[in-house]
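Could you build the full structure based on these sequences and the hints that come with them?
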Amino acid sequence: MKTEMRRALARESYEEKIRKVGQLIALTRVFPHRTPARSRPSSPLTLSESPIPYRTKKPKG
Amino acid sequence: MRAANGLVKAGLIQDYAIGGALAAIHYVEPFATYDADIFFIPADRGRTAGMPAIYARLMSLGWQADGEHLMVKGFPVQFLAAQGLTEEAVREARNIRFEGIPAKVFRAEHIVTIAADVGRKKDLARIEQMLQQAEIDPNRLQAILDRHKLKLPKL
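Protein sequence lines correspond, in order, to chains A and S. Here the first sequence is numbered in our numbering, starting from 1 and rising by one per residue. Here the second sequence is numbered in our numbering, starting from 1 and rising by one per residue.
What the hints contain is simulated information worked out from the structure, not anything from laboratory work. Bear in mind the structure is a predicted one, so any value in this text is a computation, not a measurement. Glycine included, each C-beta is placed from N, C-alpha and C at the ideal position. Check before you lean on any hint, since a few could be wrong.
As the list claims (entries may be wrong) - Below, in silico cross-link-like pairs of lysine to aspartate or glutamate (EDC-like), each with a Cα-Cα straight-line distance of 16 Å or less: (1) Lys9/S - Asp44/S; (2) Lys20/A - Asp35/S; (3) Lys20/A - Glu99/S; (4) Lys149/S - Asp117/S; (5) Lys2/A - Glu29/S; (6) Lys122/S - Asp35/S; (7) Lys151/S - Asp123/S; (8) Lys151/S - Asp117/S; (9) Lys154/S - Glu128/S; (10) Lys154/S - Asp123/S; (11) Lys20/A - Glu29/S; (12) Lys149/S - Glu88/S.
As the list claims (entries may be wrong) - Here are some chain A residues pointing at chain S (derived, C-beta under 10 Å): (13) Arg7; (14) Glu16; (15) Gln23; (16) Val30.
Here is the structure:
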C-alpha cells in the first residue's frame, strides 16, 4: 500500500479505525493467516516430522 | 472504557490508560490485534495490585475471565498494573473521547519508548510504523528515552 494512503488511514478518527480493526479481525477469522509458500521448508516434511528415519549419508558397511 | 472509568470512580484504581496495539492504532493505520491492554495505577499498592477486586467488579458487570484476560463482547482485555515507564505513560496519557466516553490513551512518544524497552520483533515494527505515520514530538521522545536510560534501536 502506498505510504500516503497509509498516512491517510492513520489520520482517520479513532472510532473509525477501531471499527476497521473489528473488520480485520473478522476477516482473519474467515481467512486465517497462512505462511507464504516461499518461507516454508522445501521438503513437505521437516526432519522431526518425517516418518522415515532421515540420513544425510549412506551408512558404511 | 466505561468499565475502567467505573473502576476509578469506585476507588479500585487510581487511573488508567489504553496501551499496547490499541493505543498505537490511535496514531497509525488500523491493523488487526487480538487483545486490548489497559494499564492502571493501582489504588492498592499490595502484592496483587488490587487485581482480585478489579476482576470481581468487572465480572459482576458480565465480563468473563479467560486465563489472563477478561472477555468483553468476545474481545480479550488485559488489565496490567503500571509501574516505572508505564506508570509515567498512564500519568501523562492523552485525554480522548471514544464514542462520547472519556478515556485516556498513551502518548505516541511513550508508545515508542515502551516498544524500545520491550524490544521484540513486533515492537521494532511498531517503532518503525509510529515514526513513519504518527506525529511525534522529538524533544518529548528524547526526554522520555533519557529519563529511562533507553535508546531507539537501529531499524
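Here is how each hint holds up against the structure:
1. Lys9/S - Asp44/S: Holds, because 14 Å separates the two Cα atoms, which is no more than 16 Å.
2. Lys20/A - Asp35/S: holds (15 Å)
3. Lys20/A - Glu99/S: holds (15 Å)
4. Lys149/S - Asp117/S: holds (10 Å)
5. Lys2/A - Glu29/S: holds (12 Å)
6. Lys122/S - Asp35/S: holds (15 Å)
7. Lys151/S - Asp123/S: holds (13 Å)
8. Lys151/S - Asp117/S: holds (8 Å)
9. Lys154/S - Glu128/S: holds (10 Å)
10. Lys154/S - Asp123/S: holds (12 Å)
11. Lys20/A - Glu29/S: holds (10 Å)
12. Lys149/S - Glu88/S: Between Lys149/S and Glu88/S the Cα gap is close to 14 Å, so the pair holds against 16 Å.
13. Arg7: Interface hint status for Arg7/A: holds (6 Å vs cutoff 10 Å).
14. Glu16: holds (8 Å)
15. Gln23: For Gln23/A, the interface hint holds, since the closest Cβ of chain S sits about 9 Å away, which is under 10 Å.
16. Val30: This hint is violated: Val30/A lies away from chain S, its Cβ roughly 12 Å from the closest one there, beyond 10 Å.
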